[in-house]
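Peer 1: Residues per chain, in single letters:
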Amino acid sequence: MSLGLLAARRARSLRNAVVALTPYERARNAAFSAAGLALLYGLYAGFRRALVYLAGVELIGRLMTWKLTALMFLMTMSMVTVSSLLTALTTLYYSFDLKFLMNAPLDARTIFLDKSLESAFFASWMIALVLTPYALALRAALHLGWGFMAAYAALLPPFLLLAASLGIAFTLILLYLFPSSRTRDAVWVLSSLSLTIAYGLVRFAQPERLLRPDALRVVAQYLEFLQAPTAPYLPSWWAARGLRAAAEGRWLAWCADAALLWACAAAVYAGLVALAAKTYFIGYSGAQEGALRRRVHSLAPLREVRALGREGAVLWKERVVFLRDVKHWSQMLLICGLVFVYLFSIRRLPLDSPDLRSLVSFLNIGTAGFVIAALGLRFTFPAVSLEGRSWWVLRSAPIGVERVMRQKLLFSAAPMLLVALTLGASTNWMLDADRFTAALSLTALLVVAAVVCAMGVGLGALFPRFRIENIHQVESSLGGFVYMAASLFYIGATVAVLAVPMQMHFRERFGKAGAWDARLAAAAGAAWLALSAAAIAVPWTLGRRALEKNEE
Amino acid sequence: MIEISGLTKRFGERAAVSGLDLTVASGEIFGFLGPNGAGKTTTVRMLTGLIRPTSGRARVAGFDVAENPIAAKRAMGLVPDEPFVYPKLTGLEYLRFIGELYGVRLDEIRRRAPELLEMFELAPWGGELLESYSHGMRQKLVLAGVLLHEPKVLMLDEPMVGLDPKSGRLVKDIFRELAKRGTAIFMCTHVLEIAEKLCDRVGIMIDGRMIACGTLAQLREQGRGGGQDLESIFLSLTGGAEYASLLRYL
Chain A
1 MSLGLLAARR ARSLRNAVVA LTPYERARNA AFSAAGLALL YGLYAGFRRA
51 LVYLAGVELI GRLMTWKLTA LMFLMTMSMV TVSSLLTALT TLYYSFDLKF
101 LMNAPLDART IFLDKSLESA FFASWMIALV LTPYALALRA ALHLGWGFMA
151 AYAALLPPFL LLAASLGIAF TLILLYLFPS SRTRDAVWVL SSLSLTIAYG
201 LVRFAQPERL LRPDALRVVA QYLEFLQAPT APYLPSWWAA RGLRAAAEGR
251 WLAWCADAAL LWACAAAVYA GLVALAAKTY FIGYSGAQEG ALRRRVHSLA
301 PLREVRALGR EGAVLWKERV VFLRDVKHWS QMLLICGLVF VYLFSIRRLP
351 LDSPDLRSLV SFLNIGTAGF VIAALGLRFT FPAVSLEGRS WWVLRSAPIG
401 VERVMRQKLL FSAAPMLLVA LTLGASTNWM LDADRFTAAL SLTALLVVAA
451 VVCAMGVGLG ALFPRFRIEN IHQVESSLGG FVYMAASLFY IGATVAVLAV
501 PMQMHFRERF GKAGAWDARL AAAAGAAWLA LSAAAIAVPW TLGRRALEKN
551 EE
Chain B
553 MIEISGLTKR FGERAAVSGL DLTVASGEIF GFLGPNGAGK TTTVRMLTGL
603 IRPTSGRARV AGFDVAENPI AAKRAMGLVP DEPFVYPKLT GLEYLRFIGE
653 LYGVRLDEIR RRAPELLEMF ELAPWGGELL ESYSHGMRQK LVLAGVLLHE
703 PKVLMLDEPM VGLDPKSGRL VKDIFRELAK RGTAIFMCTH VLEIAEKLCD
753 RVGIMIDGRM IACGTLAQLR EQGRGGGQDL ESIFLSLTGG AEYASLLRYL
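If you read the protein sequences in the order shown, they are chains A and B. Once you know that position 41 of the first sequence is 41 in the numbering used here, the rest is easy, because the numbers rise by one and skip nothing. Count along the second sequence from 1, then add 552; that gives the number in the numbering used here.
It should be emphasised that the hints constitute simulated quantities derived from the structure, not laboratory data. Some hints here could point you the wrong way.
As the list claims (entries may be wrong) - Cβ-to-Cβ under 10 Å is the rule here; a few derived chain A residues that face chain B: (1) Ser2; (2) Gly312; (3) Val321; (4) Leu323; (5) Phe340; (6) Tyr342; (7) Ile346; (8) Pro350; (9) Leu351; (10) Trp392; (11) Arg395; (12) Pro398; (13) Ala523; (14) Arg544; (15) Ala546; (16) Lys549.
Claimed, not checked - Estimated spans, in silico, between C-beta atoms of each pair: (17) B/Pro587 - A/Ala153: 50 to 58 Å; (18) A/Ser476 - B/Ala618: 34 to 42 Å; (19) B/Pro587 - A/Ala30: 52 to 60 Å; (20) B/Glu660 - A/Asp107: 55 to 63 Å; (21) A/Phe178 - B/Glu673: 50 to 58 Å; (22) A/Gly309 - B/Glu773: 48 to 56 Å; (23) A/Met332 - B/Glu555: 46 to 54 Å; (24) B/Glu660 - A/Ser13: 21 to 29 Å; (25) B/Arg721 - A/Gly4: 50 to 58 Å; (26) B/Ser784 - A/Arg9: 50 to 58 Å; (27) A/Phe489 - B/Glu670: 52 to 60 Å; (28) B/Thr767 - A/Phe178: 41 to 49 Å; (29) A/Met332 - B/Asp716: 38 to 46 Å.
By construction, the Cβ of each residue, glycine as well, lies at the ideal position given by its N, Cα and C atoms.
Given only the sequences and the hints, what does the whole structure look like? Please build it.
Peer 2: Pasting the structure below:
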């Protein structure tokens, strides 16, 4: 009854939010939804292409397809679990409405049911959205009917609930054992570390062996690898196995796996509710205690500091707040892991000829650019929103919005350029790229990093969210999607435009006479500069104007 | 020091503030009263440049807030109704940050920041992160930040909320002293007693319109025989009679 009431308030809030949309907001949402669907279609097309190729491999094509499917489910499960660990921390212990709910005549169990289902939903919806194009591509590649999609839809909810329950259970236990606001910091570090390790483990397992039978010494070894269950005791394997059964028309086997998933999900969630009965309120109570007194320094250092000026003060504030906030600096672990794994992947590439190595060095603009854009989603795009409810301090101060944005850009550009330099220079060195290619790709990467940074701050100002509970709400917002789409479009366009001089350079390498067309090369260079300038100026100007008008 | 003419703010169809005209002189403490949702905070937010008016003009210290916001902001200090401050800065760092933002010389910050912390009894907490401050402590710190840069105009939105009686008294004395030195103070409050004792003039706002403005004596005349104290005047002007039937219902 009470849970129904809580669910009804969500439905009512959602309905009110939709009804309150202005025509402009409706049109904007429709446009972005269309862009989102296009992106999902792109994913579908990519998956389909890969799966059609795999399925077409003689004798072992199907085995490879299902091995890849099992890996996809395993990856989805680990991502949902880690994501739910963080989401549960905010929704179960630090949500804005918790004080109201806890004061209301509701038992802790009802509140836990409401909040844990919310955690599970928010931790998994986006990941599930990406998995669905994969399932659709699988259906198309294997020429299956829509019954296959129905089978997939029936397997997905218990699978996601199970994965999310693991993360929620971990958070419950952690907050029960260490019921203090400081535990929140520990969870941030742990989650960053676990994500880094999980990412590293997946990468170092060398999934590319799936596509390269020659990487394994004997055929039998390869077949054994393909046939072996991928983590047989995890729900990801049951889901993948069930899906395969559905694809092969073995509906009894599918029923068995679906029943196993549903029964396990029900049992684990019931166990979670029982665990919450013992632990949730104690953890919640501890988490509400005021932050511990943390002495940073005595009054003495003020005598030693030097004048910063208005803009310098903003930059200084950015640096101090970043370094003191665990949820920010702990993500540096993730970046280090990401860069290391990226470079490891480049080193493992089976490239025999110098031409191929130079080509990969050029294409590195796209892949390393993607890594930089993804980092920007975490560090640059939320920069304005992270002012949070303290935004009034800067807004009422005698400093213009543009100056604030400039300092935020300056603060995030330095590390991003460093990452770009590391990725670009190390890759060129490892691939032994020729001078022209190395110079072109490194220059392009540095420009891409600078443009993506400016784009991040600009679009972050265009879509600010000052009243958020955690940074993931900024990343997964409409603005975050627009930022990713815009930066990926820019990176793609950069690669396409710079391919013109690169093509001339290759023609020269292959000894073609008159390989260089100076006019065309200059036009490509000018087009790229114009594109980059527009990619900075448009989001920046729109963002500045929007932030000046912002009335939050 | 504050000149407002025809100031209007609409949110869609609803007018939060409608055609407000007002002048607050240098050295004057002006109390802005009204029931919840009357438009007081919206007015402060327009005057401090946090939001743009739909129409009308506001000048602070001689500067048009819309046309020359930076100069206007340099001349004023804001204490908002909710003192949200950067949780990962210490009290002393916050004051330094505010000082630098408002162009206070560093030697002045070095001298005055510890004094202000001492005055508001925050000195033992000066090196602590603001996330560990209570609401009242943050309120006092924001007040200290405003005093650090010695503004010509003070915009206060419920400045007494969360303050203990001793701090409340201190803050009132500070406001009186600042007014004596020529600072114009524009204060929104629900505490009628404070408005009665502290303010030179009082304006009462309902549904975005100022329905009465003047000294206490002038308001008594406008109060249609509601009574002698500000509470009675306020209730008679804002329709306090409805409370009687409500009390009967309870």
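Peer 1: Output the numbers, in ascending order, of every earlier hint that fails for this structure.
Peer 2: 1, 5, 6, 7, 8, 9, 13, 14, 15, 19, 21, 24, 26, 28
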